[in-house]
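*Asks:* As a plain string of letters, each chain reads:
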Amino acid sequence: MASPKKRSTNKSAPRLEVKKTFKLFINGAFPRSESGRVYEVSSNKSGFIANPCLASRKDLRDAVVAARAAQSGWAKATAYNRGQILYRIAEMLEGRADQFASEISLASGVTAKKAHDEVLVAIDRWVWYAGWSDKLSAAFGATNPVSGPYYNFTIPEPQGVIAVAPAESFLAFIDAIAPAIVSGNTVVALVPGSAAIAVMSFAEVLATSDLPAGVINILTGSHDELAPWAASHMDIDGFDISGIDKKKRSEIKVAGAENLKRIHSFDGALSPTRIYAFMEAKTVWHPIGV
Amino acid sequence: MTFEYAPAPESRAIVDIKAKYGHFIDGKFVPGKKHFATINPATEEVLSQISLGGVSDVDKAVTAAQKAYTKTWSKLSGKERGKYLYRIARILQERAREFAVLETLDNGKPIRETRDIDIPLVAAHFFYHAGWADKLDYAGLGKSPQPHGVAGQIIPWNFPLLMLAWKVAPALATGNTVVLKPAETTSLTALLFAEVCQQAELPDGVVNIVTGDGSTGAAIVNHPGIHKIAFTGSTDVGKKIARAIAGTNKKATLELGGKGANVVFDDAPLDETVEGIVNGIFFNQGHVCCAGSRLILQEGIADELIEKLKIRMAKIRVGDPLDKNTDLGAINSREQLSKIQELASAGDAEGAERWSPACTLSAKGFWFAPTIFTGVTQAHRIAREEIFGPVLSILTFRTPQEAIEKANNTPFGLSAGVWSEKGSRILWATQQLRAGVVWANTFNKFDPASPFGGYKESGWGREGGKHGLAAYLKEGK
Chain A
0 MASPKKRSTN
10 KSAPRLEVKK
20 TFKLFINGAF
30 PRSESGRVYE
40 VSSNKSGFIA
50 NPCLASRKDL
60 RDAVVAARAA
70 QSGWAKATAY
80 NRGQILYRIA
90 EMLEGRADQF
100 ASEISLASGV
110 TAKKAHDEVL
120 VAIDRWVWYA
130 GWSDKLSAAF
140 GATNPVSGPY
150 YNFTIPEPQG
160 VIAVAPAESF
170 LAFIDAIAPA
180 IVSGNTVVAL
190 VPGSAAIAVM
200 SFAEVLATSD
210 LPAGVINILT
220 GSHDELAPWA
230 ASHMDIDGFD
240 ISGIDKKKRS
250 EIKVAGAENL
260 KRIHSFDGAL
270 SPTRIYAFME
280 AKTVWHPIGV
Chain B
0 MTFEYAPAPE
10 SRAIVDIKAK
20 YGHFIDGKFV
30 PGKKHFATIN
40 PATEEVLSQI
50 SLGGVSDVDK
60 AVTAAQKAYT
70 KTWSKLSGKE
80 RGKYLYRIAR
90 ILQERAREFA
100 VLETLDNGKP
110 IRETRDIDIP
120 LVAAHFFYHA
130 GWADKLDYAG
140 LGKSPQPHGV
150 AGQIIPWNFP
160 LLMLAWKVAP
170 ALATGNTVVL
180 KPAETTSLTA
190 LLFAEVCQQA
200 ELPDGVVNIV
210 TGDGSTGAAI
220 VNHPGIHKIA
230 FTGSTDVGKK
240 IARAIAGTNK
250 KATLELGGKG
260 ANVVFDDAPL
270 DETVEGIVNG
280 IFFNQGHVCC
290 AGSRLILQEG
300 IADELIEKLK
310 IRMAKIRVGD
320 PLDKNTDLGA
330 INSREQLSKI
340 QELASAGDAE
350 GAERWSPACT
360 LSAKGFWFAP
370 TIFTGVTQAH
380 RIAREEIFGP
390 VLSILTFRTP
400 QEAIEKANNT
410 PFGLSAGVWS
420 EKGSRILWAT
430 QQLRAGVVWA
440 NTFNKFDPAS
450 PFGGYKESGW
460 GREGGKHGLA
470 AYLKEGK
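So the sequence lines, in the order shown, correspond to chains A and B. Position one of the first sequence corresponds to residue 0 (numbering that gives the first Met the number 0), numbered consecutively onward. Position one of the second sequence corresponds to residue 0 (numbering that gives the first Met the number 0), numbered consecutively onward.
Bear in mind the hints are in silico, worked out from the structure with no lab data behind them. Any given hint might turn out to be false.
Stated by the list, open to error - If you want the ones that stay clear, here's a sample from chain B, every Cβ over 10 angstroms from chain A, calculated:
id, residue
1, Val45
2, Pro202
3, His222
4, Arg242
5, Ser344
6, Ile425
7, Trp438
8, Glu474
Stated by the list, open to error - Straight-line Cα separation of at most 25 angstroms, DSS-like style, residue types lysine-lysine; simulated pairs:
id, chain 1, residue 1, chain 2, residue 2
9, B, Lys27, B, Lys66
10, B, Lys473, A, Lys247
11, A, Lys247, B, Lys66
12, B, Lys19, B, Lys78
13, B, Lys239, A, Lys246
Glycine is no exception: its CB is placed at the ideal position from the N, C-alpha and C atoms.
Could you build all of it, start to finish, from the sequences and the hints given here?
*Replies:* Here it is in structure tokens:
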């Protein structure tokens, strides 16, 4: 019986693996960084893994433009529709769980079992957040009994464009983007280091899901470089800095004060307040009368 | 037909203003070291001398608030806390006229407003929040949400006692203790409120009031014993506070500036709309962060509506704030008057057309006639910057989309108005407008049950309603 190696077209050497070029994900497309820069991801076990793009300030600006353009359309989609799109992401992730597990394991060095568990948790997070889309008004809205002949109600609305800087892990990335987009925000994700490997494969899931282009934009590279630019960008409304080193958060908040960005960090516990943190309450008054 | 009104001044005999005030710390009035004058802006008469709080005064107040938090207030059940708030609400109702007259004297706003709007809303805020004190588990913040500790609160001069109520009532209901600084020009009603705390037998140190200026406010913001900041004021100062607390664990709510768009569609009921426009910009001399200061009219009705507006504006009575017939009182300070004059001059210089009705303004005190500017473009300073005075900038639009684009074309997002008889258009517009409060076929309505606060650079968080409680609580586990 022929061994797999013997099936190689080249009889003298094993088949050479076709490696993926890691690019960015902006407005539903996969451009390289305009800067032409890359960084190396490698591990002790496997050696060189890939050269993801080292995103630049210009890439960030492009991503914000895409996110802003996509925002009103995404917010206008019905909550039912947004919920289904998030659930669809879970479906597609489930089908490729093994791939993500092996990429996580390869890049971060965790065991295959641990990596697989992380993917399953991530899938269930999508399911959990998907279900929130049409319950936010019930949980965070109100009708208010004002003293006078007025109908008065409060509804939560998405803030707009949210930057997220998750810690260097696939699950941290999912935990940052899912709550940000479920309400109708669009996202620019700043993904650090080795997390780029699984995350950029995940971008392929997004590209072939029903998520409109520009709703999630992904930049890989360095938080130290990208986060201060995101903090001072005047067209970003909110910033999830959960993955930013605690010592560097103060500098981010100072820069973000210029347009009073909503800057939050979360400890990872599952809570709808992570969704509501990037929403605004709007209160509407109308007279009642004949 | 012209109506003539004889003067109908409210008596000021009901108020007893002391020659000099100290700070209210740990349940007692303590004399300050330095003082500054507070005046009646309608007459420039010196009303009293107010203490200028420094770092050490703030430190004493914070220490008192910390002690009160750990020793008494945090140990009290919600039910008992609520009863103190109910007591305060009742005393405020009993002494409402006294507060109204004092507020009008110190602030310059008409007695009609302090008597019918400010002070009733103050009592309502305490009454509303009193009921929350033992029901916080139902506020949607998880089981047993917890207070932060000591809240540092800095309030503006445009609604002095009402802003105190917006800050103090939710803070106490949720179990926090307070160090509050009233605005430099309007400390008197806050100091009278301190007496109400004494009458209500509120435990010492639960509410502390330190008077002073911006440096006093900065001392509160920077004090390490403060866990939560609540500020209402300018966007510039709001940003400074955001920077100042960036390296700390302090929470903050910021209620800042606005440039509210009041959008009128061509099917709006014009007479009601004119009343709404007048209320939107001339209420409280336009010293309102959520004022409808940009009127955005559909072209087809613009001329007719502006004519009606001018006729209505000619009926606005500007004058003695204590007169019960007065609609528009005094500008709160010389500094604010200069700011309004400066921006109105910029409106002239940039080519907008100014109109005011004929009115006689007193030579003493600070006054500005109700004013509209037509022919305003989005590039004009009077369309972009908050004037905080009785000055309305009028722009026009053709399509609903254009109206929304113009309305939202501002870094602010506090309030907006929309006028139309068509239900679907109203709901569409309220969805599109990027503002925390949208008044449809009405304007400048407030209620303790109704959350208030802005999008974008108009601030962080909400005050009032269930939403306002979140600012003073940590999520329960």
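*Asks:* Tell me the numbers of any earlier hints that the structure contravenes, in ascending order.
*Replies:* 4, 6, 7, 8, 11 and 12
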